[in-house]
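Q: Chains as they are written, first to last, in the working numbering: chain A, 1 to 339; chain B, 340 to 678.
Mixed in with the good hints there might be a few duds.
With a cut-off of at most 20 Å between alpha-carbon atoms, the simulated EDC-like pairs for lysine to aspartate or glutamate come out as follows [unchecked claim]:
1. K564(B) x D92(A)
2. K309(A) x D218(A)
3. K347(B) x E404(B)
4. K564(B) x E528(B)
5. K309(A) x E295(A)
6. K225(A) x E528(B)
Computed footprint of chain B on chain A; a stretch qualifies when at least three of its residues, placed anywhere within it, have a C-beta under 8 Å from a C-beta of chain B [said to hold, decoys possible]:
7. 93-103
8. 247-256
9. 261-269
10. 272-285
Derived DEER-like restraints, expressed as beta-carbon distance ranges [what the hints assert, rightly or not]:
11. D318(A) x Q583(B): 35 to 43 Å
12. E206(A) x L446(B): 43 to 51 Å
13. A219(A) x P348(B): 36 to 44 Å
14. H266(A) x D391(B): 38 to 46 Å
15. A553(B) x M1(A): 39 to 47 Å
Hints are computed from structural coordinates only; laboratory data are not their basis.
All residues carry an ideal CB built from backbone N, CA and C; glycine is no exception.
This is what each chain is made of:
Number of protein chains: 2
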Amino acid sequence: MRQVVMYKPGDVRVEERADPTIIEPTDAIIRLAATCICGSDLWPYRGAEPVDHQVMGHEYVGVVEQVGSEVRTVQVGDFVVGSFWASDNTCDICRAGYQAYCVHRVLMGAIGTQAEMARIPLADGTLVATPGQPDPELIPSLMAASDVLGTGWFAAVAAEAGPGKTVAVVGDGAVGLLGVLAARQLGAERIIAFSRHADRQALAREFGATDIVAERGDAGVAAVKELTGGLGAHSVIEAVGTQQAMMQAIHSTRPGGHVGFVGVSHDVAIPGDELFMAGVHIHGGPAPVRRFLPELIQLIWDRTIDPGKVFDLTLPLDRAAEGYQAMDQRTATKVLLTV
Amino acid sequence: MRQVVMYKPGDVRVEERADPTIIEPTDAIIRLAATCICGSDLWPYRGAEPVDHQVMGHEYVGVVEQVGSEVRTVQVGDFVVGSFWASDNTCDICRAGYQAYCVHRVLMGAIGTQAEMARIPLADGTLVATPGQPDPELIPSLMAASDVLGTGWFAAVAAEAGPGKTVAVVGDGAVGLLGVLAARQLGAERIIAFSRHADRQALAREFGATDIVAERGDAGVAAVKELTGGLGAHSVIEAVGTQQAMMQAIHSTRPGGHVGFVGVSHDVAIPGDELFMAGVHIHGGPAPVRRFLPELIQLIWDRTIDPGKVFDLTLPLDRAAEGYQAMDQRTATKVLLTV
């Protein structure tokens, strides 16, 4: 099969590799319908994380081709969606809704799903079958559920977005934009999107943003305060992962409010005294996407939400390198790779 | 009247000052029955915060002696308990339960309640009257409600202590010990107290601790993990305010669990990547004690809880300097000053 490999920063290739096989009786093998490139894949691409001949990708949708002897909940032929952490979905941590921290978790990025096929460990706990074979136009949205939608949704839940709430969203990448969509679905009254790009502002509005703030940092915080009677937002989503974004999120939140953060933290340090004085709740980390998959798949299946709109470039797997380049140069927000 | 003044670090005196008077029509004047010395008063005493002829004290119980023309909910003669932030209890922030961040808040420490009398701003929003004149043996517990009990209670609520939960408590000072008591009252199944002092371990057990861990830092985290099947506690209270205590709290918490922090942060910085990977909720800051006062007063009035036990030294106001010295040298956990 063909598989994407990052040789070194900036050097992405598609190679011929051996087809995956069942290793554990709880494994499944899927043939991918689509995969995609994640914002977090740009960290090694840009040299901000070490990389050396690494298989890439952790997002996937596709059809089950083979199952191990202990797999019970998915069958050969099912169309399935899974998350970037394989999880047993039965341990105490999973049952509390934190499948990204399952005691038996396996990182899908180490297996690499930017490929024609992939082995999915803990298939029963990890994969969720769609109600039937999806229409082709649903593939991008189901693909989004695998990570960016699930992550934006988790951020909105962590920020306790809901009826009567004002939600602010730091970050206008795919996750931030889908945080807007999630806040809307969760019933938020007002949604303030931080963005300075016209195309992303337009998508934010389409997903439910009621206000756009172009300022960043202290000026961005001041703008949110002005829109909220001086108090700050009830709920703030942080979907960037930088010091400025984190502090902008904390300071945009009113005392007693909630920050949901899902940007992968790079060189972030939260000063204890500022957190103490802010009086906000903070919660985040790798999203337990599995918790939300059944609900998200149904919303997509029913055409209630259309998160696939975040993909603004679609390429065949063989042209993955172009996809990385486009995301790196910001000519694309999110790239779908067809398999 | 007599009032405690800290001239400089280590130099505490009791001076004659003018009696307070009504300034705003929403003020009340109280004659204190008791006041006390807070762990946070030790920061300037030890030179860790600047201090220059500062009036001291922010905890108080006493009898209303005079009320302004707009005061409605307390009357002359009422025995009252208040918190260290005066608050209107009507703004959006107060109504959300965050009276320590009231948009009209006044810091009682700037007024100084280690004194015979004190002016209480925003009396209607700040003071809660007891059901009647308290028996003398209830005074220490009502005094505790003014800050240390309310703060420990908030920490336990912020950590989401409750039925079926394992709660760990970092810090065996008055607030940590009362965090144990609060966790017990809130129904926690198991309470692990970090302490290496026999007398504090004994009081922790009396307040409801089921396990004592003497280790700190990584060894302390390992001990909690061992007691919780490798997962960590559901809820952790941080009642110290140092980097070691904060990281010990975060790392002792299972993914998806909750850290409630109320130690006043000094030189603490939380690494974003560690917080991201931990997957915990963090919430804390100055406790909105006013939120809990009616409930806490009733629990004390009914003799359900006896938080006054944290006071292990009682001195008359005139001997305040001895009280500071005892807390600084750790020969006392918490000092009550009778007025």
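Q: Are the hints correct? Go through all of them and say.
A: Here is what the structure says about each hint:
1. K564(B) x D92(A): With Cα atoms ~14 Å apart, K564(B) and D92(A) stay inside 20 Å; holds.
2. K309(A) x D218(A): 31 Å, violated
3. K347(B) x E404(B): 32 Å, violated
4. K564(B) x E528(B): Holds, because 16 Å separates the two Cα atoms, which is no more than 20 Å.
5. K309(A) x E295(A): Answer holds: K309(A) to E295(A) is near 19 Å, not above 20 Å.
6. K225(A) x E528(B): This hinted pair is violated, its Cα atoms lying about 41 Å apart.
7. 93-103: holds (count 7)
8. 247-256: holds (count 3)
9. 261-269: That given contact holds, which follows from 7 residues of the stretch 261-269 of chain A lying within Cβ reach (below 8 Å) of chain B.
10. 272-285: That given contact holds, which follows from 13 residues of the stretch 272-285 of chain A lying within Cβ reach (below 8 Å) of chain B.
11. D318(A) x Q583(B): 35 to 43 Å: Violated - the Cβ-Cβ distance for D318(A) and Q583(B), about 52 Å, lies outside 35 to 43 Å.
12. E206(A) x L446(B): 43 to 51 Å: 46 Å, holds
13. A219(A) x P348(B): 36 to 44 Å: Distance hint for A219(A), P348(B) holds at roughly 39 Å.
14. H266(A) x D391(B): 38 to 46 Å: 42 Å, holds
15. A553(B) x M1(A): 39 to 47 Å: Taking Cβ atoms as reference, A553(B) and M1(A) lie about 56 Å apart, which means the hint is violated.
Checked against the numbered hints above, the structure violates hints 2, 3, 6, 11, 15; every other hint is satisfied.
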